[in-house]
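Going down the list, the protein sequences come from chains A and B. According to the working numbering, the residues represented by the first sequence are 1 to 249, in order. According to the working numbering, the residues represented by the second sequence are 250 to 498, in order.
To be clear, the hints were calculated from the coordinates, so they are not data collected in a lab. Just to be clear, a hint being listed does not mean it is correct.
Label pairs and their in silico Cβ distance ranges [claimed, not checked]:
{"id": "1", "chain 1": "A", "residue 1": "Asn136", "chain 2": "B", "residue 2": "Asp307", "range": "26 to 32 Å"}
{"id": "2", "chain 1": "B", "residue 1": "His427", "chain 2": "A", "residue 2": "Lys247", "range": "23 to 29 Å"}
{"id": "3", "chain 1": "A", "residue 1": "Phe54", "chain 2": "B", "residue 2": "Asp436", "range": "55 to 61 Å"}
{"id": "4", "chain 1": "B", "residue 1": "Lys271", "chain 2": "A", "residue 2": "Lys166", "range": "39 to 45 Å"}
{"id": "5", "chain 1": "A", "residue 1": "Glu167", "chain 2": "B", "residue 2": "His427", "range": "41 to 47 Å"}
{"id": "6", "chain 1": "B", "residue 1": "Pro327", "chain 2": "A", "residue 2": "Ser129", "range": "42 to 48 Å"}
Here are some chain B residues the structure puts well away from chain A; computed CB gaps all over 10 Å [unchecked claim]:
{"id": "7", "residue": "Asp418"}
{"id": "8", "residue": "Ser475"}
{"id": "9", "residue": "Lys496"}
No residue lacks a Cβ here, since even glycine has one placed at the ideal position from N, Cα and C.
Number of protein chains: 2
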Amino acid sequence: MEDTIIYGKNAVIEALEHGERKFNKILISNNARSDAKIEEIKQLAKQSGIVFQFVSKDKLNYLVPEGRHQGVVAQIAPIEYIELEEFIENHRNKQASLVIMDGIEDSHNIGAIIRSCVCAGIDGVILPSRRGVLINSTVEKTSAGAINHIAVIKTNSLVNTIQKLKENDYWVIASDHHAEDNHYEVDYTDMNFALIMGAEHAGISKSLLKLADYKIKIPMLTNFNSLNVSNAAAIILFEYVRQKLIKRS
Amino acid sequence: MEDTIIYGKNAVIEALEHGERKFNKILISNNARSDAKIEEIKQLAKQSGIVFQFVSKDKLNYLVPEGRHQGVVAQIAPIEYIELEEFIENHRNKQASLVIMDGIEDSHNIGAIIRSCVCAGIDGVILPSRRGVLINSTVEKTSAGAINHIAVIKTNSLVNTIQKLKENDYWVIASDHHAEDNHYEVDYTDMNFALIMGAEHAGISKSLLKLADYKIKIPMLTNFNSLNVSNAAAIILFEYVRQKLIKRS
């Protein structure tokens, strides 16, 4: 399996400190000026028995074509996906929540959605293996570490996945701007739910929309109806948080 | 004044169709395969008397270093900023709302926030001229055209701006994760407000926090407290939308 990379001094330090991911190797540019952070990285690597190696800047540029590696790239083990069955089993007898990404292609959006999911206490995310994007370095970076705090499930068939969720007492909610009901009209606090977010332009596939128990929209105050998908996800997820906290208090 | 550029076939077609911005020139790569969209661009340009010109691909690559211009770059007039006094005058005798960006540096976040503002019916955004980023091509692109539907104010001093807003009967709300009150505990429906969003890591400057009438936080359901700033803005703005629509109904 291919390594995942993380890059940039702060990102590497954070990952070393949190210790959630297996490091394979840390590559440091041999013309990086040695500063406090590079020293800290070397120190932390030594403490954890992680190999570090000095390489040419060209090699780092090759690994991070978009640049901004700041002279440090870490090769880490890819995240571990979990099976849907295992997720369902782990969450029996408590309220469980999932976000399903249907064909979302922008890695920044996937990372930001995962970040919001973790803040909102969502238990897992589901990504299709064929359409859209799986977890890559950009998703890792944009998630700001959130990817290590949530179950990630990949599936060959979102239809089968959703059917299995429904059989296991999950309510399926589709975010669809043609829907009649407003997102805040659903009571999210008392059910297992899976929220489907669709691709920015295409929206949710028809075959999935048909399976939804609720279709909800985010109402706008103008005719300009064009939220970024990660912002749309955040709005719905934090309406769930609001309801949950109000119910508790 | 420097031109702003927009690029990509769809973005250029949209801008031509909406006709909200003055075009200076459209540059088309002389080795772009002529397809239906390129033809449409030429047609629309002719109809509006806009000059188009064939240039080398290298010139386009130079104008759009990050690539993805798809052979079409349009040079358009920069957006027109408006003065705070004019904004205040235009919005007397009706509820007015603003978002202030304090040192937000990522152009994608600024664009996404502007997009959410327009969807939520916010009347204007305020950007500092010295810290942070003003409107550039990335902001234009990420805003998905929203930038043309909102008043944009730039200021040399956010402190002075906020003081002037307070004198003119605006309530100043600061999003601060150390705050005690939850964002949904404020009633936004009956006041002029200016919501301050801070930079991702540094948060809102102390000098501005001191001027705030309300400090609010977005409560999390986990200890992972790290929302992307554009997602945080969307959550608060659409709580305002929710309150407003519930009050109307």
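Outcome of the hint check:
The supplied range of 26 to 32 Å is met by A/Asn136 and B/Asp307, whose beta-carbon atoms lie about 30 Å from each other. A beta carbon spacing of about 25 Å between B/His427 and A/Lys247 agrees with the range 23 to 29 Å that was offered as a hint. Checking the proposed 55 to 61 Å range against A/Phe54 and B/Asp436 shows it holds: the Cβ atoms sit about 59 Å from each other. Distance hint check for B/Lys271 and A/Lys166: the Cβ-Cβ separation is about 53 Å, which falls outside the suggested range of 39 to 45 Å.
In this structure, A/Glu167 and B/His427 meet the distance hint of 41 to 47 Å, their C-beta atoms being roughly 44 Å apart. At roughly 44 Å, the beta-carbon separation of B/Pro327 and A/Ser129 lies within the given 42 to 48 Å, and the hint holds. For B/Asp418, the shortest C-beta to C-beta distance to chain A comes to about 21 Å, beyond the 10 Å cut-off, and the non-interface label holds. Its beta-carbon lying about 5 Å from the closest one in chain A, B/Ser475 breaks the requirement of being farther than 10 Å from that chain.
Every CB of chain A is more than 10 Å from the CB of B/Lys496 (nearest about 12 Å), matching its label as outside the interface.
The earlier numbered hints that this structure contradicts are 4 and 8.
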